[in-house]
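Chemist: As a plain string of letters, each chain reads:
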Amino acid sequence: MADTSVSYKCPHCDAPLSFQPGNDKVTCEYCGTELEISAVEELFQKKQEMAAKAQAAQEAKWDTEAAGGEWSEDEMAAMRTFTCSSCGAEIVADENTMATECCYCGNPTMLPNRFSGMLKPDFVIPFKKTKQDAVAALKEFYKGKRLLPNAFTANNRVEDIQPMYVPFWLFDSSVEAHAEFRAESINVIETSDETITETSVYNCTRSGTMDFQRIPVDGSSKMDNDYMESIEPFDYSEMVPFSAAYFTGYLADKYDEDAETSVPRADKRVETSAIEVLQDTVEGYDNCSVESSAVIKSGGNVSYAMVPVWILTTRYNGQPYTFMMNGQTGKFVGSLPYDKSKAMMYFAGAAAAVMFVTYFIAKLFI
Amino acid sequence: MKRIASVLTIFLALFVAVAAFSVRAEAAGAVYDNAKLLSQAEIQKLTSEIQRIENKYGVRIGIVTQPSMQGRSIGQVANALLDQGYRGAPNGGIVLLVSVDPKKREYYMSTDNPMRARITDDAGIKYIQSEMVPKLKDNKYGEAFLKYTGAIETALDYYAKEGKPYDPSAGFHPLAAIIALIIGCLGGYGVRETLISSMSNVTPAARASEYLVDDSFDLQESDDRFLFMNVTRTKKSKSSGGSSARDESHGGGGGSF
Numbered sequence: 218m219a220d221t222s223v224s225y226k227c228p229h230c231d232a233p234l235s236f237q238p239g240n241d242k243v244t245c246e247y248c249g250t251e252l253e254i255s256a257v258e259e260l261f262q263k264k265q266e267m268a269a270k271a272q273a274a275q276e277a278k279w280d281t282e283a284a285g286g287e288w289s290e291d292e293m294a295a296m297r298t299f300t301c302s303s304c305g306a307e308i309v310a311d312e313n314t315m316a317t318e319c320c321y322c323g324n325p326t327m328l329p330n331r332f333s334g335m336l337k338p339d340f341v342i343p344f345k346k347t348k349q350d351a352v353a354a355l356k357e358f359y360k361g362k363r364l365l366p367n368a369f370t371a372n373n374r375v376e377d378i379q380p381m382y383v384p385f386w387l388f389d390s391s392v393e394a395h396a397e398f399r400a401e402s403i404n405v406i407e408t409s410d411e412t413i414t415e416t417s418v419y420n421c422t423r424s425g426t427m428d429f430q431r432i433p434v435d436g437s438s439k440m441d442n443d444y445m446e447s448i449e450p451f452d453y454s455e456m457v458p459f460s461a462a463y464f465t466g467y468l469a470d471k472y473d474e475d476a477e478t479s480v481p482r483a484d485k486r487v488e489t490s491a492i493e494v495l496q497d498t499v500e501g502y503d504n505c506s507v508e509s510s511a512v513i514k515s516g517g518n519v520s521y522a523m524v525p526v527w528i529l530t531t532r533y534n535g536q537p538y539t540f541m542m543n544g545q546t547g548k549f550v551g552s553l554p555y556d557k558s559k560a561m562m563y564f565a566g567a568a569a570a571v572m573f574v575t576y577f578i579a580k581l582f583i
Numbered sequence: 007m008k009r010i011a012s013v014l015t016i017f018l019a020l021f022v023a024v025a026a027f028s029v030r031a032e033a034a035g036a037v038y039d040n041a042k043l044l045s046q047a048e049i050q051k052l053t054s055e056i057q058r059i060e061n062k063y064g065v066r067i068g069i070v071t072q073p074s075m076q077g078r079s080i081g082q083v084a085n086a087l088l089d090q091g092y093r094g095a096p097n098g099g100i101v102l103l104v105s106v107d108p109k110k111r112e113y114y115m116s117t118d119n120p121m122r123a124r125i126t127d128d129a130g131i132k133y134i135q136s137e138m139v140p141k142l143k144d145n146k147y148g149e150a151f152l153k154y155t156g157a158i159e160t161a162l163d164y165y166a167k168e169g170k171p172y173d174p175s176a177g178f179h180p181l182a183a184i185i186a187l188i189i190g191c192l193g194g195y196g197v198r199e200t201l202i203s204s205m206s207n208v209t210p211a212a213r214a215s216e217y218l219v220d221d222s223f224d225l226q227e228s229d230d231r232f233l234f235m236n237v238t239r240t241k242k243s244k245s246s247g248g249s250s251a252r253d254e255s256h257g258g259g260g261g262s263f
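Here the protein sequences line up with chains A and B, keeping their order.
Going by this note's numbering, the first sequence runs without a break in its numbering and finishes at 583.
Going by this note's numbering, the second sequence runs without a break in its numbering and finishes at 263.
Next up, chain B with everything else stripped away, as it sits in the complex:
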């Protein structure tokens, strides 16, 4: 009896939370732009793109924007949104919640377990973040959400073909290879030069400190004068360190931008 009561309490709380953000379970569409970040054309384009991916891979995909989280945890609300409107598809569901409150601009992607198997909490979510967050930072929301759907399709396509979750770090990475080549050559050159320099210990003497007479130094003047102060301010990156609302039935991840 006690357990039923607690489940009802949680369900009620989530229902209230979801209702507050204008997403109703029975009307879970692809895009809910409550923060008015997108043009109508962008919404239509995103909606058709999401429907195409949903039909192709048997999944549910959602995008929800909010002007503010009103003090609530974005991860918890995203999980509730998933449960209410995007869970139940054969191959899982994923919903992206974006809040553009000037005090805290944040996002969270929530996945159910079938989707979690395809888009892992670490490599998969990180991959979507790397594609989408730069555009969010530039306030290009339409492009950011297209990156989001594109990254999801890449991950789902890979899973359909390979039978394992997509991990960008598992494949060949040309940029990493170029960086490794440059640093490798520099390292090899450093080792070579060190070994060559070790072949000679002939070094001219630039100093006479060994011949300074002990206790002969007499400091006669010592004057320190403050001239000026330079102040530099560096903004801290906000894209990392996102909150997590993962549990047994919810995956995903998020952060601020």
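In isolation and in its complexed conformation, chain A is listed as follows:
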């Protein structure tokens, strides 16, 4: 059977190659051979082409057989099988997986056919944080969580820790913003008999232009938008031109939400910030609120980047809990379960303490 995937193997010892976080070269962990990213790309370009052709041939054959099989067309559309070039096992992955590892031999595996018909990423932010960093960050995240169930940390084991390159659209935007604000200036005059409050109301008009650069919006429907926004920001100074060699040893998804679909999320953030920038120029008043606003985009570029994310999953009381860590900066986000009896205990304790103090204070004034 022809190989339908490509394993990045060391040309010297044939061991699996993995890109190590923090390095600018691909290093064989077994024989120590160091390879330039460009060299790895050239080395395996032909293998990828061959694998892609083999995959196309297999899919054509497989599709006809699937027509009368036990899977529905939707299920078939979402699943693909690949042959591991290292051990020959069949790997099942969903339709958007670009890079994975063989579940049998653990070999890092590229699925080159997945790149066809899609845009090639412009940039990639290489992983800097390791699996050990992710585990340590999870333990640190548990600290200080007073409502964390004891059983969660005592019996809990992280089920899965996966490093994944997630597709992101980076929006550049030049905007022209106009806004009207209602501002108030308050002057309080104290006399012997009364307090006089003079509130002067102003209409403040502001217009201006500004540029936003590389606002990230994830292009994967599988990734929770709130999680993806929570792991921001990324350090774009470390972003490099895309090379598939960075995918070795990592999972990678291709986008399934195109840039056009992602535009509204970026636009909403730009509008909010543009109005706030204008509002900051309304100075010398005690209160200021937005009366009306208009934000007009006058230009914008979009680039496509793959960003590194560690995904940790665990299970508690039958419920899955997912945590994510920015693979570049180490920013860790997630939601933990809470113990309802502990929550009630804290409520009762705090309520009793506040009640005790408030009672004696209230008695002084009543």
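It is possible that some hints are incorrect.
What the hints assert, rightly or not - To give an idea of the interface, some chain B residues facing chain A are shown, with a C-beta separation under 7 Å as derived from the structure: (1) 189; (2) 191; (3) 214; (4) 222.
Stated by the list, open to error - Taking lysine-lysine pairs in the BS3-like style, the calculated list, with each CA pair at most 30 Å apart, reads: (5) B/242 with A/580; (6) A/580 with B/146; (7) B/143 with A/580.
Stated by the list, open to error - Computed list of chain A residues with no C-beta within reach of chain B, every gap over 10 Å: (8) 231; (9) 238; (10) 251; (11) 511; (12) 528.
These are calculated hints, taken from the structure and not from any lab test.
Predicted, not measured: the structure shown is a model, and the values here were computed from it.
Backbone N, C-alpha and C fix where the C-beta goes; we use that ideal spot for every residue, glycine too.
Using the hints provided, position chain B relative to the given structure of chain A.
Modeler: Just chain B now, with coordinates in the frame of chain A:
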């Protein structure tokens, strides 16, 4: 000789002051309504009520109203009234002086030391004030003075039974308990919600300010236009901050209303 002269001078001054307000020592009755604030029925009711309390607890109680203090200190005059007409009872005396001068509506309660032990300058006087002043503010003088005598009786009754001065804040206060319960529950709920929210740091990004290019902002229009002015006036409370004429032999307290 010098000391005797100064005592005589003070005595003369107080006598003149008291005489000016139509209260004579030898005729110190229960109620002197010089400001004509009370009806005859109200005066009779107050007088009988005061006599009942005086007989029951062995004290002297007075109420004096004046149309104006004519520039004199209400505390000093109340002390003089006490000395001239309401001192000497076994368990002490207390006199309330009320002035309804439109320029300054004020009151003062003066107590001697035996009464001071029963109605303390802080908790006791404050308790009578809390009962009486709201009615004074509403110009319901008859009701205000009944509140005054009622509060005195409560304080004296408590002292007779417990042997210590009445302090409303020392006992259980239902209203304070209700307020404490509500605020306590809100506080407990706030703590609970804060702890629950700390279990997650997943927050959607609403802004793009981190991606604003430095120095790219160009303010092209800035126009501020005055529209109008709102003026609100809030009257200051006059019930607090009363003057004090306390000394070694006089207690009490007062204020304006």
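Chemist: Indicate, hint by hint, whether the structure satisfies it.
Modeler: Here is how each hint holds up against the structure:
1. 189: holds, 5 Å
2. 191: holds, 5 Å
3. 214: Holds, because the Cβ-Cβ distance from residue 214 of chain B to chain A comes to roughly 4 Å (cut-off 7 Å).
4. 222: holds, 4 Å
5. B/242 with A/580: holds, 23 Å
6. A/580 with B/146: holds, 26 Å
7. B/143 with A/580: It holds: about 23 Å lies between the C-alpha atoms, which stays within 30 Å.
8. 231: Holds: least Cβ distance 43 Å, greater than 10 Å.
9. 238: holds, 23 Å
10. 251: Given a closest Cβ separation of 36 Å, the condition holds.
11. 511: Answer for residue 511 of chain A: holds, closest chain B Cβ roughly 13 Å.
12. 528: For residue 528 of chain A, whose nearest Cβ neighbour in chain B is about 14 Å away, the distance exceeds 10 Å, so it holds.
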